[in-house]
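Each chain, letter by letter, is given below.
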Amino acid sequence: MIESPYRHDFPFFDSQKKKLKRAYLDSAATTQKPSSVIEELVHFYTKDNANIYRGIYATSQRATSKFEAVRDKVKTFINASERTEIIFTKGTTQSLNWIVFGYFWDRLHSDDEILISVMEHHSNLVPWQQLAIHTGAKLNYVNLDEDQQLDIDDFKAKLNSRVKVVALTHVSNVLGCLNPVTQITTLAHKFGAKVVIDGAQAIGHMSVDVQEINCDFYAFSGHKAFAPTGVGVLYGKKELLEKMTPLEYGGEMISDVNYQNTSFKELPLRLEAGTQNISGVIGLGAALDYLNKCKLNEIECYIKKLTKLAFEQLISIPEVIIYGSKNASFHQGIISFNIKGIHPHDVATVLDIKGVEIRAGHHCAQVLMRYLKIPACLRLSLHIYNDETDIQQLIIALHEVLRFFKHGS
Amino acid sequence: MDHDNLSTLYRQAILEAGEDPHNFGDLLRPTVSTELHNPTCGDVIILQLKISDHIIKDIKFKGQGCIISQASASIMTDLIKGKSLDQAKKLRIAFSQMITDNHFIDNDKLKDALIFKGVRKFPQRIKCATLVWNALEKSIQHVEEANG
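From first to last, the protein sequence lines stand for chains H and V. The numbering of the first sequence is this note's numbering, which starts it at 1 and goes up by one. The numbering of the second sequence is this note's numbering, which starts it at 1 and goes up by one.
A hint or two may mislead.
[Claimed, not checked] Here are a few chain H residues that face chain V, going by a calculated C-beta distance under 7 Å: (1) 275; (2) 346; (3) 372; (4) 375.
[Said to hold, decoys possible] Facing chain V, from chain H, some residues (calculated, C-beta under 10 Å): (5) 82; (6) 342; (7) 353; (8) 399.
Hints listed in this document are in silico derivations from the structure and should not be mistaken for laboratory results. Bear in mind the structure is a predicted one, so any value in this text is a computation, not a measurement. C-beta atoms are modelled at their ideal positions from N, C-alpha and C, and glycine is treated no differently.
From just these sequences and the hints, can you work out the full model?
Pasting the structure below:
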């Protein structure tokens, strides 16, 4: 029996009704929060709440130093070379949009190409589509190989000197595969293309080293890694962030304002206009502390072990069709599947009644759904607070689904 | 209890209509054709109407979706066939009230569509049941605008 040594750190699981245990299997959408993060937020609002940078007084200084300390934590966490390469945003979507609209918007031309993959989440697809429409550049897609992983040969075939940017997810939110982002970056750089990595599903699941990947930009959200919602990070190489146009102008990003013109602060503040999500950032700091305490390699190991179990149990049901690799170890805590002949929404409703909380739909990846020729699918996603009982509950409920819809009783 | 809950949503008639829906397919030369998507799940419905003298002479649908959406389309198209545009609009409003209002008093005119009453206990599934009715509303709007 696989038991989670982390589950008791998450008060969400204590607060549930005793009558029906809920199996929360939707961490790829958002994670539950450890008590250390919740307590940090309470502490901040009870002891340290003041606006940052602008106060001369002690509380403001305390809030500022706590806020800025998180920038250092993020820098270390993803091994950026400088703290000024860490820009706080409201999440992955905003980070990716700023990269597209603040950096690439005026840098592409009609004979250029943008290379992404068919497995991208809408937030790493729709902005690039807008850029292609705006500039006339060609938006090209890397396909999947036979094992429904990123097809590296197809990537190599589509890479050429017209490609100005390659944007790719680190871990697919549907297929669960880990893409070879370091290899991709090396290949792309040979052709002079910039590389943008969507780290939403990778962060908090494995260690991420942006210098090792050598990507030009990396985006992630806090809330998928135990932090509060509404806070995220945009990492960019300093020389690129220096050239980025702010998409917001206003308070705290200026150094001097005249009647007709303004000079701006240095990085990172130049890109962080207005009062920031101070408590969110501080909560993110507490989440990173928690992740460090748990050790990322142990987290990765635990999720792998549980994923393997879920995978084996699922394939033992003949009606289950799994998307992504046929090899369990290629699923990073995410398994998408369907039940033959039963629409995923009908399955999810029965599962909900049985206390199993999994996602049904297109998972913000409609291009991938089209590619796989399915309207939608079910997705279970695991994190360190899940255990074997959650998987058992899912499997029992799936048998109930089959009984109900196949035999009408 | 669980099972009661499930049966409230998936009534036998819904399961049957969802499995083998009526009026599924294409019309030859429809007066109006409307395609609607359920953006949360990716489901799609195409509704076709043949209208003359303000009467819906024939109606068909196609598309893909869950049992609730397929059953709703089957039962709605059966109900609407032969009705006037005004009657159809009234029925759409009645259906919408039934599925959202806990104090709804059964409107006999909804006939078989009354079995969708249980859907209001499942807020996530209301859109599945109403998708085809929304397509009907859009189709009628389109026809009325075209006729000035």
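Against the structure, the hints:
Because the beta carbon of residue 275 (chain H) sits about 33 Å from the nearest beta carbon in chain V, more than 7 Å, this interface hint is broken. The closest approach between the C-beta of residue 346 (chain H) and any C-beta of chain V is roughly 5 Å, which is under the 7 Å cut-off, so the hint is satisfied. Hint on residue 372 (chain H) is violated. Least Cβ distance to chain V is approximately 12 Å, over the 7 Å limit. A cut of 7 Å between beta carbons decides the hint on residue 375 (chain H): the least distance to chain V is about 5 Å, and the hint holds.
With its C-beta approaching chain V no nearer than about 41 Å, residue 82 (chain H) sits outside the 10 Å limit, and its interface hint is violated. For the restraint placing residue 342 (chain H) at the interface with chain V, the shortest Cβ-Cβ distance is roughly 8 Å, inside the 10 Å limit, so the hint holds. Hint on residue 353 (chain H) holds. Least Cβ distance to chain V is approximately 5 Å, under the 10 Å limit. At a threshold of 10 Å, the smallest CB-CB gap from residue 399 (chain H) to chain V is about 14 Å, leaving the interface hint violated.
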